[in-house]
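Asks: Each chain is listed here by its residues.
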Amino acid sequence: MVKYSIFTIARNALTGHKDWPKQWRSPEPKPEYDVIIIGGGGHGLATAYYLAKEHGITNVAVLEKGWLGGGNTARNTTIVRSNYLWDESAAIYEKSLQLWEGLSQDINYNVMLSQRGVLNLAHSLGDVREGVRRVNANRLNGVDAEWLDAEGVKDFCPIINISKSARHPVLGATLQRRGGVARHDSVAWGFARAADALGVDIIQNCEVTGIKRKDGKVTGVETTRGDISAKKIGVVAAGHSSVIAEMAGIRLPVDSHPLQALVSEPIKPVIDCVVMSGAVHVYVSQSDKGELVMGAGIDSYNSYAQRGSFHVIEHQLGACLELFPIFSRVRMMRTWGGIVDTCPDASPILSGTSVEGLYFNCGWGTGGFKATPGSGWCFAHTLAKDEPHPLNAPFSLSRFESGALIDEHGAAGVAH
Amino acid sequence: MLNIDCPWCGKRHETEFRYGGEAHIARPEDPAKLEDTEWAEFLFMRTNTKGYFAERWLHSHGCRRWFNVFRNTVTHEIVGSYKMGEKPPKLPKSAGGTK
Amino acid sequence: MAETEFWITPAAAIASAFPDGLTELSPRAQVNLRGDAEDASFMTAVKTATGIDLPETPNKAATGKEFKALWLSPDEWLLVGEGEAATLVQNLEGALKGQHFAVNNLSANRTIFELSGPHCHHALMKSSEVDFHPRVFAPGDCLQTLIAKAQAIVEQVEEDRFHIYVRSSFSRYVGAWLAEALAEYRLAD
Amino acid sequence: MTQAFRTTSGGRIDRKKAINFTFNGQSYIGYEGDTLASALLANGVHLLGRSFKYHRPRGIVAAGAEEPNSMVQLGEGATTEPNIRATQISLYEGLKASSVNVWPNLELDISAINGLFAKIMTAGFYNKTFMWPRSMWMKLYEPVIRRAAGWGKAPAMGDPDIYDHMHLHVEVMVVGGGPAGLMAAMAAGRAGARVLLVDEQNEFGGSLLSRKRQIGGKDETAWIADMVAELEAMPDVTLLRRSTAFGYYDHNYLCVLEQKTDHLPAAERKGKVRQRVWHIRAGQVVLATGAHERPLVFADNDSPGIMLAGSVQTYVNRYGVLPGKKMVLFTNNDTAYEAAIDLQAAGGDVVAIIDCRTEPTGELVDAARALDIEILAGHAITGTSGGKRVSSVEVRKIQKGAKVYTTIERNIDCDLVAMSGGWSPVVHLFSQSQGQLEYDEEKVCFLPGKSRQAQQVAGALAGQFSVKECLAGGYKAGADAARATGFTPKRKPAAPEIDEPAVGSVEPYWIVPSSRPVGEGMAKHFVDLQNDTTAADIELAVREGFESVEHIKRYTLTGFGTDQGKTSNINALAILSGILDKPIPKVGTTTFRPPYTPVSYGALAGRNLGDWSDPVRVTSIHDWHVKNGALFENVGQWKRPWYFPKQGETMQEALNRECLAVRNSVGVLDASTLGKIDIRGPDAAEFLNRIYTNAWAKLGIGRVRYGLMCHEDGMVFDDGTTARLAEDRFLMTTTTGGAAGVLDWLEEYLQTEWPELKVYCTSVTEQWATVSITGPKAGAVLEKLAPEMDLSHENFPFLSFKEGEVAGINARIFRISFTGELTYEINVPWTCGLALWKAVMAAGAEFDITPYGTESMHILRAEKGFIIVGQETDGTTTPQDLGMDWIVSKKKPDFIGKRSFTRSDTARPDRKQLVGLLTETPDDVLPEGSQLVFDPNVPKPIPMAGHVTSSYYSAALGRSIALALVKGGHGRKGQKIFAPLDKRTVTAEIVDPVFYDKEGDRLNG
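Chains as they are written, first to last, in my numbering: chain A, 1 to 416; chain B, 1 to 99; chain C, 1 to 189; chain D, 1 to 1005.
Next comes chain A alone, as it looks inside the complex (with noise of 0.2 angstroms):
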């Protein structure tokens, strides 16, 4: 692998760039792989690289149906942070910051990672009971927190209105200073790069049509380009995992969901720091372009196809406008859509399944790119030893039956 720098690029530059090498290949498939990865995004090509690097199985093939990075990885906000409530995810997202935090060095290629801090504001008496619980809970487990009041919010986000007389006045906030966004291709080009110079087969435009089994254990797949033996297959579809779950015969506590997101056009530099508002659904960050980036709710009704409906940007921006007023002359430049893959007590599946040797790695909803790192680096391990890492044990298929769920929904919202 060709170590990019800005000497690398100098001397490219003299011979007109002509000798860039490709940034991974594009092989044919073989009959067979140790592991199998369905899906060529972020969480998937970083399955692969850790699988490799961490455990040195390197026979490995990650299938892509489509373009790599062309999910999820492509369609969310960016933004990066550990701060959850219960020590289950506190645990997992705080891994996946750790790497996040290496990252660019770790696989040579520059992921852009800003930590210029998340604040999480709080709406209402609830929302600060909930916040400072949160920031409590953190501390304890060693993830950095603090708890803002009003006007400490202003300092950090200067254009941000916190006059008590607006409908959802800012209470205060939380705030992870580790926190902040990263740049969503880079991330699955880098972790492609990395895992393709460590010997992993990347395939694009290869569709899985069905899951092979024999005696309750996987052989392999099948897809549009021919099928393919396996002793192990990792499903990272997001979106898409019912789909792959029911080539297997079995079901997931998941549905799918349209997630709208919108730039505005480049304008300059107006606020360095994420804001999110649970209460009134606005997320908001400003890219490096000069865009500024934000994430809408979630539409309520099930869809497999990569757009929502147009009244929920609509309502953020009304939302939106009520933090931010010089927004208002600001043009929204492009909308999108992600399917994300939602568990009921939005938390990630990372289990074993009851079909031997598949495994599935989804359920991240609306909080998946964050994790990208983590999430492989553990789902890795899991392909590997054939058992969960104690950080993505409480994440199994089983905490539906027991009842064991891991509850991010925070507080159902104080009624009396």
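In short, the hints are calculated from the structure, not lab data. Don't take each hint at face value.
Lysine to any residue pairs mimicking SDA-like chemistry, simulated, CA-CA at most 20 angstroms apart [claimed, not checked]:
#1 998/D <-> 798/D
#2 892/D <-> 28/B
#3 119/D <-> 394/A
#4 443/D <-> 577/D
#5 967/D <-> 22/A
#6 65/A <-> 306/A
#7 153/D <-> 306/A
#8 490/D <-> 112/D
#9 443/D <-> 358/D
#10 22/A <-> 125/D
#11 326/D <-> 8/D
#12 289/A <-> 112/D
#13 3/A <-> 543/D
#14 898/D <-> 27/B
#15 164/A <-> 158/D
#16 758/D <-> 27/B
#17 65/A <-> 125/D
#18 60/C <-> 6/B
#19 268/A <-> 875/D
#20 758/D <-> 38/C
#21 97/C <-> 682/D
Predicted model only: the values in this text are computed from it and were never measured.
Since the structure of chain A is provided, determine the placement of chains B, C and D on it from the hints.
Replies: Just chains B, C and D, lined up with the frame of chain A:
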């Protein structure tokens, strides 16, 4: 903005309705008799179909009736609506590709 | 009505400033009735008690002498009129004795706005996603939908005259919204 | 400078109405009907901005929405707007505009130095560097990159303008008011359908505004006027000008942005709606969105003065402007010849036509020859010079298939290059509507293929490039749309005679080599002008293994600018197909996403701002609370009094006063917000048995009982008291926030699971205003208001209700208690709430009756250990966790949630359970949300034992109290537990959650 056909009120915009998820999941007659696995099946496991899908909607801001909609989760085409207890409508001939 | 001597209509505080074409009506009897329209004995009992053939066609209103009945759902109607709500409830309870039904005096539950005049359709187009064009929604039609973000019953009482029934707690929100919706035309006129 | 490039006559501008405006501080004059772009060109201004990466000088390329370059900062102060295209700004008196992203100024832009580094700033540049040393990314590299980011500036303050939304239903919506669209609207309108016709321009006519045509013996202007007049006369036809259909969504739902005042001088905008978003539901949609011309990709094709040929024609004919006086035309088709002919006719000089085709033929070619315009067939422009304004072009003979063209044939001086690479139908909306695109080899463009929605296509969008085809195609589309929505089109009118040149051939010519292979030397072949993407960048991307067009776009940023690649996407795709040596359709096309052109956030929010962003619900007593100084808490959509501070009182002092009043005398609470549901029918009791965790069959008429509701997963989701009004009738109360959800929940089970149950539910929440008087003196107050009523505990015991007159109002009074004190909850019709409240205040005056809010309510109930759903519960809490086993029936065979209690984790003995906490230091109030640990002295991560759900200072107890959920808490009474806070650790003892009046003696006053 889906245009949903309430069996009573006719076509209204999605914003008048509340989504109820997959249809035809009957609550078990005697939950006490079920194994945890079976109970989990009822509580959590879903087919999450890609393609034509029977789902429940509540006309929450209209006549407050629950009913079923038969909709394609890829194209969002709505084949038809039907009342609780009725059978889904026939698939249109056009329904190729996605099942 | 004795029962309304202490009444203050929910939007009274802002209604005085409403533009032409928008008013909050004085209180009137509103009685919610539920029962099985398929059941002849229910329908006849209601007919004897009120003189009204309850509309079975969705989103239609039927008028009797003292009261009219708005279709709300296959087994629910709202009876509205100038008469005594308490008496109406008594009559219905009497006539329906022994049957499965529910009757509630909800005279205070909703306030009623009247939207009328040349711009009432514009105000509705700004406030609702429903098609109120004369071709599809005529006098005698009624339906439940959202006005802005609040649930409401909309009834067309005559051409270019609508009654909008709103839950009392939402009345100021909706009243102010409709007033604003008309503002631009006041400016134009 | 006075409009040196204005033609002497013609154009759709009003030469009598001069308009003053400034650009970059310099004053100019234009005419009514101008755009900012045409007015600047009339004044000879071509240089409008700088490019994104290399900061190269850039000028006006197009005349409409497809313009890639000329973005300006429009206006000043609170109403300034970034990134508006000069080609889309109608000129108005006093307009002020300036270039974006230039420093110190447009002429001398320091960042142009980036051009020197162009060689290293290739695609993927950022991915490959700025990684060492790691710390420098956040400290140095990224800040520098961010400073360079963005075009214009957002205003520094809020927006003074008004925006709103409209909803319209029509049978036929027509998008695009050109010849095809006008015809379609006419066909549908005459058939009697409700029709909406929208067009982004200030007037209808589309391409006819730029081209001279005789239609049925009239000139185009007269023809348009007649069509529009007839349409406007139709009562059910709506015409919207300056209105862009920007989004096409499911089930024929489209959104249109109408710009109502953006073309007016500031003074005339006051009080008017600035922009309106129309939400359209259409039975049928006719798309007649026209076509955009493609640039040609040749060396240094980006200097100001290099424009699209059709746009040159538009400036000449529509605006009476000569974009240049010495023009060279570079084309691969003959449609573009018309630009040369019209410019010449208008007084310009066409020095040469460079046609890449070896043997151009046809009417237009002949016409050009007849004007003695030199035509260099089989030639190409292989370089330009001039920098800030093109001054000459280098022309070479085309050597088919060669990577380089060896010899320069000519250097031609000029001040304008008109280019045409053919036309791309505007398929954006069609593609948004899920329609599939098909590539047409002969027409060299993507055309609409199979459509997924009830729609028709017509005009240039459908590959109908002549006016004749447009009129015929438009009529057919409109008629078909009308028919499909149940209307009968009138007999087809005779097709009008049209005098127009025949549409000639177009020959694909995607990239023009020069003296060196593309990518070598300093010359740049720009594909995406706004993002400075060159053909070399695309080659590099492919070289590095990117093959999917989506990858190419993302790696090179092609099509990611504010123009969303309207002029660059197809060229990029074609160049990619050349490199991959795959036919264009095989390489695929990219999906077009809304919006077609950018839409302001303000317009999208409409009026849903401030208190209208979410409805505010108030009780009938609200005004009294406001008058009496209440501070409010948002509970769901409700405004509830939080507490009632008196002059100079701190919050805590106010709470102490309110709580002590309740404990020692009497307090009053507005409880109107509680949800209330009338439940009636022979199976009502059975229904409650299934919904609630406890038993209801035996509840006596006139009695009241508290109940808990769980979801099927066994977790508590609502609670409240329910009274039995009659054998077959109950009145249920729910939490304030839960009301709507609970009613839906009840209906869901009645309608979907248990239709056999004879039960009707009716929401009566706002029928009843509820005034709760509580405290030892509550009885004394009620006696005064209801002298007739027997309030003795024998005849009006706890957990029962009575009906009767209170203060002369028919009322229902409940004896329940959320404070532990003697309490009467008086329910009267909502509209009498204020009257009752005032009467209560008067009657209670002698006992110093004290209104209190939600905060005191929370303290009082916490003193009694009563839970609040959503505070002591968070969706993971069972009744058992709350120590409420007493309310979970063991006898009932089934109720919602029961089955889940026995799951292994739900039955765990060491689940988090509700307990009371007493801090070691009595006046130390634990913050709510504090996490609790058994041992604070272990390294992180410290295992957590639970958290504080409620915590207050209790005036009645003279100390702090707290409720908490603690692992196995029920078995830990008496043990110590710790709350490690930011700076200190608080020690507390685990106790019973009931702190006050454990025996409950006070219930009866």
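Asks: If a hint holds in the structure, say so; if it does not, say that too.
Replies: Here is what the structure says about each hint:
1. 998/D <-> 798/D: holds (17 angstroms)
2. 892/D <-> 28/B: Holds, because 16 angstroms separates the two Cα atoms, which is no more than 20 angstroms.
3. 119/D <-> 394/A: violated (51 angstroms)
4. 443/D <-> 577/D: holds (17 angstroms)
5. 967/D <-> 22/A: Violated: residue 967/D and residue 22/A sit about 56 angstroms apart, past 20 angstroms.
6. 65/A <-> 306/A: Distance ~15 angstroms between residue 65/A and residue 306/A Cα, so the pair holds.
7. 153/D <-> 306/A: Answer violated: residue 153/D to residue 306/A is near 31 angstroms, above 20 angstroms.
8. 490/D <-> 112/D: Judged against 20 angstroms, a Cα distance of about 62 angstroms means the pair is violated.
9. 443/D <-> 358/D: holds (18 angstroms)
10. 22/A <-> 125/D: Satisfied, since the Cα-Cα distance of roughly 15 angstroms is no more than 20 angstroms.
11. 326/D <-> 8/D: The hint holds at about 17 angstroms.
12. 289/A <-> 112/D: At roughly 18 angstroms apart (the allowed maximum being 20 angstroms), residue 112/D and residue 289/A satisfy the hint.
13. 3/A <-> 543/D: Since the Cα atoms of residue 3/A and residue 543/D sit roughly 17 angstroms apart, the hinted pair holds (cutoff 20 angstroms).
14. 898/D <-> 27/B: holds (13 angstroms)
15. 164/A <-> 158/D: Given pair residue 164/A, residue 158/D holds - Cα atoms ~16 angstroms apart, limit 20 angstroms.
16. 758/D <-> 27/B: Status holds; Cα separation ~19 angstroms.
17. 65/A <-> 125/D: violated (28 angstroms)
18. 60/C <-> 6/B: holds (16 angstroms)
19. 268/A <-> 875/D: violated (43 angstroms)
20. 758/D <-> 38/C: holds (14 angstroms)
21. 97/C <-> 682/D: This hinted pair holds, its Cα atoms lying about 12 angstroms apart.
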